[in-house]
Structure formats: C-alpha cells, structure tokens
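K.L.:
Residue numbers (the working numbering), protein chains in the order written: chain B, 4 to 177; chain R, 12 to 409.
Among the hints, a few may not be true.
[To be verified] Subject to a maximum C-alpha distance of 25 Å in a straight line, what follows is the list of computed SDA-like cross-link-like pairs (lysine to any residue):
| no. | chain 1 | residue 1 | chain 2 | residue 2 |
| --- | --- | --- | --- | --- |
| 1 | R | K272 | B | D111 |
| 2 | R | K181 | B | R109 |
| 3 | R | K150 | B | H151 |
| 4 | R | K150 | B | V143 |
| 5 | R | K272 | B | R45 |
| 6 | R | K181 | B | D137 |
| 7 | R | K150 | B | L127 |
| 8 | R | K272 | B | W149 |
| 9 | B | K20 | R | V24 |
| 10 | R | K150 | R | G219 |
| 11 | R | K165 | R | P185 |
| 12 | R | K150 | B | V138 |
| 13 | B | K172 | B | L72 |
| 14 | R | K150 | B | I131 |
| 15 | R | K20 | B | S105 |
| 16 | R | K20 | B | D111 |
| 17 | R | K206 | R | V232 |
| 18 | B | K174 | B | I68 |
| 19 | R | K150 | R | G199 |
| 20 | R | K150 | B | I44 |
| 21 | B | K20 | B | R109 |
| 22 | B | K20 | R | Y19 |
| 23 | B | K20 | B | N114 |
| 24 | R | K150 | B | K172 |
| 25 | R | K150 | B | H87 |
| 26 | R | K150 | B | L120 |
| 27 | R | K165 | R | E284 |
| 28 | R | K150 | B | L72 |
| 29 | R | K272 | B | P146 |
[Stated by the list, open to error] Anything over 12 Å on all C-beta distances counts as not near chain B; from chain R, calculated:
| no. | residue |
| --- | --- |
| 30 | F79 |
| 31 | S198 |
| 32 | D224 |
| 33 | G225 |
| 34 | T255 |
| 35 | M291 |
Calculated from the structure, these hints are not laboratory results.
No experiment lies behind these values; they were computed from the predicted model shown.
Glycine included, every Cβ here is placed at the ideal spot set by N, Cα and C.
For reference, the chains in residue letters:
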Amino acid sequence: MSVAVTYTSREEIEVHKFSWPVSIGIPALAIFVQVFFPIRIRFLTVFDLPLLVTIYFAVARRRPIPGLLTGAIIGTVQDAFGHHYIGLNGIAKTIIGFLASSLGVRLDVENPGSRLLMTVGFYLLHQIILTVIDVALVGVREPILWGHTLISAVANGLLAVVLFVALDKLKMRG
Amino acid sequence: MESFFGRYKNPLVLMAVLFIQVVGLATQVKRPSDPKVPNSPGTRLIRVWTVTAFTPIERTFVGIGHFFRNGWHNWIDLHGVRKQNQDLQAEVARMRLEQVRLREDAEQAQRLQALLGFRESFISQTLAAQVIGTSGTEKSRVIYIDKGIHDGIKNDMAVITPDGVVGRVKDVLPLSSQVLLINDRDSGAGVILEKSRLQGVLKGTTLGDMQVDGVMADEKVEAGERVIASGGDRIYPKGFPVGTVSSVAPDRESGAFLIIKVRPAADLSRLEEVLVVTRMAERAPITTTTTEGGHVRAADILSQRLPTVPKVDQAATPGQGDNKKKTTPTAQSNPAGTTTGRPEGASTATKPKPKKPVAQPDQPKTEGSVPVDNSAPGQEKQEKPKPSPPNATENPPR
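With the rest of the complex left out, here is chain B (with noise of 0.2 Å):
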C-alpha cells in the first residue's frame, strides 16, 4: 500500500456530489448499523461508522460549510442513542468535518494510503476533542486509554481503506 499525500491547486482538485438519497441515506445506514449490530457482535463498538461517513462525505465534497453541517447533524443523532448529553458527538464530528473538508481541499486523499493516515488522525483529533469537551464543559475526567485508542483508530483506518472504495461508486457522475 502506497502512501502518497501530496500537494494539489486548486484548479486540479474535483469537487463531488452526491444524490440526495445518498446524503441522507448513507449516514443513516451508518448509525443504524452502528446501533443495531452491536447486539450480537459487542465489539464493532470499536468502529465508529458515522465518523468515518463524515470524514468521507467531507473530503469529498471538499466544502467546508457541508461538511461541518454534515458532521453536526451525525453527531448529534448518534448522540441521541447513548445517554450522554446530547452534542458531545456532534462538536467533535462538526470539527472533524469542518477540518477534514478543508484538508480535502488542500491535498490529495483519494489515494489509500493516505486515506488511512488521515482516518487515524481525525479518529484521534476526534477522541482527543471528546476528551476535551468531557473536562472542559461537562466536567466528567475519564483518562484516555491510548492502546486501546491507537487500536481502535488504526481499525478504523484500514476500514475506511475499504469503506471509501466502496462509496466511491456512489459519486455522482458529470
């Protein structure tokens, strides 16, 4: 797996779209996922589904009003499944989505290798901001459990590899 990250104008770079089914249909499938099948199979908590779908949606788009938008509407519907205040998520993935837009814009992240480095940074940028508003606004200190973070953002990483080629398919074509 080849790692290129590199530099891109803005003349080169393509700007994709997405149907509305998609939009809607995608991030919806991915909380739903998300929620559901742990039941059985307890350990895909450690994938984080939505986050990945607002990293994708925003590099994609590479528009970084769309992409802070789409990650605070995941965010804050993925928060409404747990019983943590409601917004945790939806900060950290409006964030991400605002960063990970702008990261689009700026350089190539259609390539796999760096679709993996960018996937385990933002899941770390995301754990970290988690972490952050946990201290800062609700007042809750939990330690960060960096094994079991670095594990988690490197399984999230090799998932997005495969998880982006996949919706790749779904850009809208013209």
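Assemble the complex: chain B is given as a structure, and chain R must be docked to it using the hints.
P.N.:
This is chain R only, laid out in the frame that chain B set:
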C-alpha cells in the same frame, strides 16, 4: 464588511454551529434531570424523536430475523423437541429466580436478620423484553428494549436475566426504553460479597469492566466469590446475582482500599431477551405470635436459635423442672436490640405453657431448627408454629 464575511465565511459558520451546540450542551448540563418524568421537555425531545424514528426499523429487523430463525427451527428442526426445550428453559429460569430467593431467605434467617426488623424486597412481577439496539459507542454502554411507556415501563426499574443483573431503565420512550448496563462507567449498584458479607458499591469502568469500591484493604476477599445485590439502592432485587470476583488487588493510589474486579453473571455482550422487574414486593421479616396474639420479641427468636438445655436436668429434678417451666426467665431485648437474661423467678411478660416445654426431648433445637418462612408474599406468619419462651439462663450464647 461584506468582504469580511465573504472571506471568513467558513470559519464563521463553523463558530456559529459550534456555539449553538455548546449552548445546547450547556443547557442540558445545567438543567437538573427529573427522574419522575420519563421524557423531560427541551433538548431531550431530539432523543425521543431520533430513537422513535429508528425503533420501528430495528423492531422490523429483529422481527424478520426471528421470523426466519423460528421458521427454520419450527419447520425443519424438531418442532416438538424445540417447543419442549423452550418450556423447560422457561421453567428453569423461573426456578432459578425462585431458588435465589429461597437461598437468600434461608441465609437471612441464619444471620438473624429478623432482629433488625427491616422489610425485604423480592421480585414480584417481570416483563419480558427484546433487545433491539445499542448506543453503538464504547463510551455509552446502553441497550434499547422494545418495551416503553405503553407497556408500563418506568425509570429505574431493574433489568435482569435469569443469570443475573443487567442494568436499570434510564430513559423511557413511547415504544422503547433505554437501559443503562451495569458495567457502564456511570452505573452503580449496592452489592454484598456473598461469603464475607462485605458491602460495597459496584461501578463500571471506561473499558466496560466492573469493580467493587469501598472495601478496606485489610479485608479478606477471594477470587471466585459470588457478588449479589444488597438491595440498598432500592433498584436491584436483594440477593440477586450480580457477578463473581475475578481478581483482587490493593488500590495503589489510595492504599486503604481493595480493587475487586467482578465478572458479570449475565452475559452483557450477548443480550437478546431480558426481564424488566416491573414490581418489587416487600415482605415483613419473620414474626411469630404468642398465645395472646401479640408479637414475640426479637430476643425470643434469637434465644430459640441458641443451644438448649439438656433434658437430663429436668429428669433429675422434676419438681424444679416443672417449676422452671412456669417461672422460666425470659430473654429480653433492650432498646439497642441486644439480649439480656432475667434472673430465675422473675416475672415475665409471656405466660407459661405447660404443654409446650422449652426443650422437646425428641426434637432437639439447633441453630437452624427455626422454620424458614417460605410463604407467599404478603402472607401472614401467624400460621407458623408458635415458639416457646426461651430460658436465657439455660441458653448461654456461643
């Protein structure tokens, strides 16, 4: 001004969206939650909408899965054996619940809990529910069940399986309910270590493990010891299994306490069907009555469980023995609940019963000889054999 907004449009939108979410988060944090109201107004409404929107899909998927699975088993597999097996499993589950209650009752009797006079609670009514979803994250260990407000589910109801405690109902929605698992970091339960009778608070950890806090480091706790619910939290049924001690180690930070890791009794990673304890009944402690209809004192019950007088004494001095029966000193309880003996010949509150001597020759009393009350909930205990007034001087404490 226009160029400023045009130039910094993206960061401004980002800040605006973040600001809205932070304000929303702050509103939730500051607002005190009312456990009596299942669905508090405000931001929680989005949780109701979201979960309610997904619940039919989840129920459909579960239903389809069950349809095909049951169809396969019913038509291709051995239909009769499967049906019988289901019935037997249900019976075993019911009897295990009953067994837990009976065992705890017996132990309570042995530990003289009747003396304390508090009421014990046990499972009176349960409602079977299907697990239809999870939170999907490791930070929030919750499951969703397919029973909600319309089924009579309320907040803080205990959720169990025949194997052990699962968690408690945290949020009740119209069609479903959110159950906080007992291994979540925000979860807590009062527990007792079954052998050592040490009490502590069971809490979840970030990794989904469970550990008992509050046990001093000089206490002796062994791996393999069962952990049961103490009932002190008034959520989980007393005596119901919670887990087994998997490891014990001193707390390196504080040094004064033990870190007791507990393996859950119920398989929390593979929950498909659970029982919601919809009603907990309370039962009065073991009480017996005298011939006059009044209650026997706690000290009398205690005295019955202590060693009794050898029959030889009465046979050797029949006159004294008869006299003793009529004027036997009776153990009394002082306000603190301890027992004291009266001198021989002192007047007693209970009348002598010549036909019922203190010690039956053919029925020597032992510590476990007092009948354990296994009667139905709420049943009066007057039907039990009436205990004889004990002789405190003849029953020295062991």
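K.L.:
The structure should be examined with respect to each hint, and the outcome stated for every one.
P.N.:
So, going through the hints one by one against the coordinates:
no.	hint	verdict
1	R:K272 <-> B:D111	violated, 48 Å
2	R:K181 <-> B:R109	violated, 45 Å
3	R:K150 <-> B:H151	holds, 13 Å
4	R:K150 <-> B:V143	holds, 12 Å
5	R:K272 <-> B:R45	holds, 20 Å
6	R:K181 <-> B:D137	holds, 20 Å
7	R:K150 <-> B:L127	holds, 15 Å
8	R:K272 <-> B:W149	holds, 21 Å
9	B:K20 <-> R:V24	holds, 21 Å
10	R:K150 <-> R:G219	holds, 9 Å
11	R:K165 <-> R:P185	holds, 11 Å
12	R:K150 <-> B:V138	holds, 14 Å
13	B:K172 <-> B:L72	holds, 23 Å
14	R:K150 <-> B:I131	holds, 13 Å
15	R:K20 <-> B:S105	holds, 13 Å
16	R:K20 <-> B:D111	holds, 24 Å
17	R:K206 <-> R:V232	holds, 9 Å
18	B:K174 <-> B:I68	holds, 19 Å
19	R:K150 <-> R:G199	holds, 16 Å
20	R:K150 <-> B:I44	holds, 16 Å
21	B:K20 <-> B:R109	holds, 18 Å
22	B:K20 <-> R:Y19	holds, 24 Å
23	B:K20 <-> B:N114	holds, 19 Å
24	R:K150 <-> B:K172	violated, 32 Å
25	R:K150 <-> B:H87	holds, 9 Å
26	R:K150 <-> B:L120	holds, 24 Å
27	R:K165 <-> R:E284	holds, 18 Å
28	R:K150 <-> B:L72	holds, 23 Å
29	R:K272 <-> B:P146	holds, 18 Å
30	F79	holds, 15 Å
31	S198	violated, 10 Å
32	D224	holds, 16 Å
33	G225	holds, 20 Å
34	T255	holds, 19 Å
35	M291	holds, 23 Å
In summary, the structure is inconsistent with hints 1, 2, 24, 31 from the numbered list given earlier, while agreeing with the others.
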